[in-house]
Each structure stands twice: as C-alpha cells, then as structure tokens.
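**Q** Sequence:
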Amino acid sequence: MDSSSRQALIIYDDSCALCNKFIFWLLKADKKGVFTYTSLDSDFTKKHVFTEKKPDIDSVIYWDGESVFYKSEVLFKVLKLLPFYWKWMYVFKLLPKSLRDKLYDFIAANRINWFGKAETCPMLPSEYRKRFK
71 MDSSSRQALI
81 IYDDSCALCN
91 KFIFWLLKAD
101 KKGVFTYTSL
111 DSDFTKKHVF
121 TEKKPDIDSV
131 IYWDGESVFY
141 KSEVLFKVLK
151 LLPFYWKWMY
161 VFKLLPKSLR
171 DKLYDFIAAN
181 RINWFGKAET
191 CPMLPSEYRK
201 RFK
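For what it's worth, the working numbering labels the leading residue of the sequence shown as 71, then goes sequentially.
Source of the hints: derived by calculation from the structure; they are not laboratory data.
One or more of the hints may lead you astray.
[Unchecked claim] Listed below are the simulated BS3-like cross-link pairs for lysine-lysine, each with C-alpha atoms no more than 30 Å apart in a straight line:
no. : residue 1 : residue 2
1   : K172      : K91
2   : K157      : K102
3   : K102      : K147
[To be verified] Pairwise CB distance ranges (calculated):
no. : residue 1 : residue 2 : range
4   : P195      : W156      : 30 to 36 Å
5   : T121      : K187      : 25 to 31 Å
6   : L164      : S196      : 38 to 44 Å
For glycine and all other residues, C-beta sits at the position ideal for the given N, C-alpha and C.
Please build the complete structure, drawing on both the sequences and the hints.
**A** Have a look at this one:
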C-alpha cells in the first residue's frame, strides 16, 4: 500500500444505494472536510490501496494511508474524526467486535434487497466534488 500521505479515505461500493446514503450523510456530518472518498473499483483504489489484489470483502473500507480497516471498525475510525456531537455512538464499542461485525455482515448481506442498487450516479453538490478521488 502506498503510504506517501496520511489521509482519511473512505472506500465504498458506489453501486449500493445504502452505501451512497452513508457517504452523503458523512459528507454533511464532516464539517471540516477531513474525509476523501473513492469507489471500491476506482483506479485510485487499485493503484494506491489494493495494489496486489482487492480483498473479497463486503464492507465499507477506511484507509489512513497506512492501514486498512473493515466492517464495524470503520465506524469508530470515522467517529474519531467527526464533530463531538457524534461521539455518543461510541457506546456501540462496548459490544464485542465479533458481535458488531456479525451485525455488519447481516446488514451487508441484505443491503441490496432492502435498499436496492444505485441505478444512476448521484449528482454531488460542487462543494463535495473535490473530495472524491
């Protein structure tokens, strides 16, 4: 992995409606613009994050320029960088990681059935476009 610069990169499935909703929520919640975003299948992801082989995992991914985090750990990495009023969600860290990840896997396995696929590319407001790779 390329660790030339520290960053908070969110890698997501852009064909997933739930994933797109999460990204739009995060864009609004991230008042300081600390996160950047890219698709799981983007050239940037292939070139800089998964240089050898993309893992076969159904998860939003957080990359800090050095390490990759999956599933429920993404939530806590994100919360760490969001404004203080989102910190209440740390209460979920009290649950064992295995339970948090099982819940994550259950939602991930059903997300397309529940929320559908993103049929079109969402129109981003211009102030958000520069945050995508």
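**Q** Hint by hint, say whether it matches the structure.
**A** These are the hints, each one checked on the structure:
no. : hint                    : verdict
1   : K172 - K91              : holds, 21 Å
2   : K157 - K102             : holds, 16 Å
3   : K102 - K147             : holds, 15 Å
4   : P195 - W156: 30 to 36 Å : violated, 21 Å
5   : T121 - K187: 25 to 31 Å : holds, 28 Å
6   : L164 - S196: 38 to 44 Å : holds, 40 Å
Checked against the numbered hints given earlier, the structure breaks only hint 4 and satisfies all the rest.
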